[in-house]
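Engineer: The primary structure of each chain is shown beneath.
There are 2 protein chains.
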Amino acid sequence: MKNRDVRMRGFIERQEVDAVLALLHSRIRPLGVETVRLEEAYGRVLAEDVVSEIDVPHFARAAVDGYAVQARETFGASSYNPIEFTLVGEVFPGSPFPQPLQKQQAVRIMTGAPLPPGADAVVMAEYAEERGGKVNIFQPITPYRNVGRQGEDIGKGEVVLRRGRRLRPQDVGVLASIQHLTPRVWRRPTVALLITGNELVKAGEERIEGTTKIVDSNSYVLWGLIEQYGGIPHRKGIIRDHYETIKRAMQEATEDVLLITGGSSVGAEDFAPLILSEIGELLVHGVAMRPSSPTGLGFLEDRPVFLLPGNPVSAMVAFEAFVGPTLQMMQGLEPHSIYPRVEGVLKRKVTSAIGRVDYVRVRFVEGNLVEPLRVSGASILSSTTRADGFIIVEKNSEGFDEGEKVEVYIYR
Amino acid sequence: MKNRDVRMRGFIERQEVDAVLALLHSRIRPLGVETVRLEEAYGRVLAEDVVSEIDVPHFARAAVDGYAVQARETFGASSYNPIEFTLVGEVFPGSPFPQPLQKQQAVRIMTGAPLPPGADAVVMAEYAEERGGKVNIFQPITPYRNVGRQGEDIGKGEVVLRRGRRLRPQDVGVLASIQHLTPRVWRRPTVALLITGNELVKAGEERIEGTTKIVDSNSYVLWGLIEQYGGIPHRKGIIRDHYETIKRAMQEATEDVLLITGGSSVGAEDFAPLILSEIGELLVHGVAMRPSSPTGLGFLEDRPVFLLPGNPVSAMVAFEAFVGPTLQMMQGLEPHSIYPRVEGVLKRKVTSAIGRVDYVRVRFVEGNLVEPLRVSGASILSSTTRADGFIIVEKNSEGFDEGEKVEVYIYR
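Order-wise, the sequence lines are chains A and B. Sequence positions in the first sequence follow the working numbering and run 1 to 412. Sequence positions in the second sequence follow the working numbering and run 1001 to 1412.
So that you can see chain A by itself, here it is in the shape it has in the complex (with noise of 0.2 angstroms):
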């Protein structure tokens, strides 16, 4: 056993945020590209330009209910001297006029329906008086008035969505209107949880009352934040703090990426670290943050390998900062962060150190009065449950004041 060895290895090193950010940018690619059907497409990260082969409408339609015209025949028509025209018939939507309109005809007509052929405009009804098998016009219209023009939705071989976007529901109809039924998506990585610790059982699956175990609770926070990244989440157990359990683990692991909590620290039995080195590539080992400092990062077959702390919210202030950002770029986004940001006013002031990112957690007191959580007590899973989200504190501030303006990054 190398217990002393690796107890006496203490971190590289320590990097900064930005640094390792910058590492992950030079070395993560979005991975591969598959098609998918519209029903799974929201979501999705496009990896095309989508160009229209159609035109929508591919037909000129009408706007409103009303009388299919020809507008130059209303010319002159006024509530004193309407134009009468002969009434031939009326037409729905999805059934085309059968004939073309002759001189002073018109035809009823439904929101939506086809303009009959001749027709170039469309009375609304409440300017018309209709009278057996007449109709009275009482105003002029100019041409393709209350028409929806073919083409005037989406014109053919217009770009109608870029690569890069993330599909809103509102995109996939418009995919669907197109017929474009199978667009091309980057891939959602596959995310291996690797959670090692002696103390740790499955929930559920021992009474821990009389023993020293604890429950595992750091695979259902991150099985929660990997799905909120797009990611797919995939349980590989509660491994052993055992140097040769924990290695095949990591071999075996086929995933997009691994992620390996507990056994990131430099105490005896931390072997996540020591093993990464040897088998692949251990780049960042320690990072100027709080919590989360033990956070290491690496490289196995180029897929990256996360080492995150045990405690659990290190464990999630790491995954928000680095694995986070990790999922959106493998999927073809720019990281960005998914909370929304609110402004609030701290209640009590915040200290840091230069050259130290803090991710402080803040819960709302009275409309935006925040006050910030304990920082120290990266045990206190229910400091997360507690807070209504963070705060950060860049590298270059030594804080906030009582009172100051911040930025709150809502937890949701």
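To be clear, the hints were calculated from the coordinates, so they are not data collected in a lab. Each hint should be verified, as a subset may be incorrect.
Claimed, not checked - Listed below are the simulated DSS-like cross-link pairs for lysine-lysine, each with C-alpha atoms no more than 27 angstroms apart in a straight line:
1. B/Lys1349 to B/Lys1395
2. B/Lys1134 to B/Lys1103
3. B/Lys1156 to A/Lys202
4. A/Lys156 to B/Lys1202
5. A/Lys405 to A/Lys395
6. A/Lys405 to B/Lys1405
7. A/Lys202 to A/Lys236
8. B/Lys1236 to B/Lys1247
9. A/Lys247 to A/Lys236
Values in this document were obtained by computation on a predicted structure and should not be read as measured data.
Place chain B on chain A using the hints.
Structural biologist: This is chain B only, laid out in the frame that chain A set:
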């Protein structure tokens, strides 16, 4: 057939947006309660206060790596006068130390390991020096120092999460840590999507070139929105504009909510409002809003039925205004916008009418400068894909001037 009757009915008196929301508030109740496994609990809404039945942690543990001692035996220690302890072993997370500490004994301890019986504090490794079977302590510490006390995270009997809370990843983690494995949550509403219109074809089902058919896009937009609001969409196909066909589809739908698109105007083929007034209650038909003024609302055996305009932008806006809040209330949530809000500055003025609520799609053009997209053209679905979000002009406002600050709801 009742064409003529329907056409003549016109709208029930147009109602204000607030009045429709008040009606929904008075009629909508949360659906039943169900239990889910933790894996399915993300995003669900608690229907119970969760009380912890255990202390977390349920034993005192080391918060740092170091040496477990009895604090009072360190009193008087300094760098000049270290106090010597006998090192009697080490303790790792998950394994209790077998025997109680005797006088002037210390145990090497790792973060997270249970405190040996008799120890009450942990001296950090940097204030100690190990040599042979002895360890010298250079600093006095007080009891409980560097110790995570029993129940420090969560106390037995504590209310951990309250009813009505939408579960975030860390909340599910906390449920795991207290072994609350089957939380009681509100049932998610099922939503029947009844898309009516003779002009519509399902995406990919037929060639539309050379016909006067158009592709149904509404069902795709609504599907995604229903999911974003926590509902479970059920597609009921495209329904012909025929009195008996629509009536049968409405009667056969067993979902918690019915959405009927198209057929909510006062055109000749608009059967849905008539049918609803015959077999259920039609309470709203016409709302003082733009777009979406033809929106209708009623109940069928106490299940809400929404008549959404067939125009895609109108359908989307009416969904946001009324259906989304309804789905939230059915899940035990207060209605709230699911869109992050940011401040924008208008590039062009926006006019509205007193008494009417306008939903204006906008696009960011530079920095926080937002440009209103055309407010006419509710059939222009691509305006919602070009839009970054929307602003709301409340009923007592005539609009906003160029340069005025507005709150922008960002689509996601």
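Engineer: Compare the structure with each hint and give your call.
Structural biologist: Hints and how they fare:
Distance check on the hinted pair: lysine 1349 of chain B and lysine 1395 of chain B sit about 17 angstroms apart at the alpha-carbon level, within 27 angstroms; holds. Only pairs whose Cα atoms come within 27 angstroms are accepted, and lysine 1134 of chain B paired with lysine 1103 of chain B is accepted, the gap being roughly 14 angstroms. Taking the CA atoms of lysine 1156 of chain B and lysine 202 of chain A, the gap is near 20 angstroms; set against the 27 angstroms cutoff, the hint holds. Note on lysine 156 of chain A and lysine 1202 of chain B: the hinted pairing holds, with a Cα-Cα distance of about 20 angstroms set against a maximum of 27 angstroms.
A distance of roughly 17 angstroms separates the Cα atoms of lysine 405 of chain A and lysine 395 of chain A; the hinted pair therefore holds under the 27 angstroms criterion. Of the supplied pair hints, the one linking lysine 405 of chain A and lysine 1405 of chain B holds, its CA atoms being roughly 20 angstroms apart against a limit of 27 angstroms. For the given pair, lysine 202 of chain A sits about 11 angstroms from lysine 236 of chain A by alpha-carbon distance, which is consistent with the 27 angstroms threshold. With a CA separation close to 13 angstroms, the supplied pair lysine 1236 of chain B and lysine 1247 of chain B stays within the 27 angstroms bound.
A C-alpha spacing of about 13 angstroms is found between lysine 247 of chain A and lysine 236 of chain A, which places the hinted pair at or below 27 angstroms, so the restraint holds.
Of the numbered hints listed earlier, not one is contradicted by the structure.
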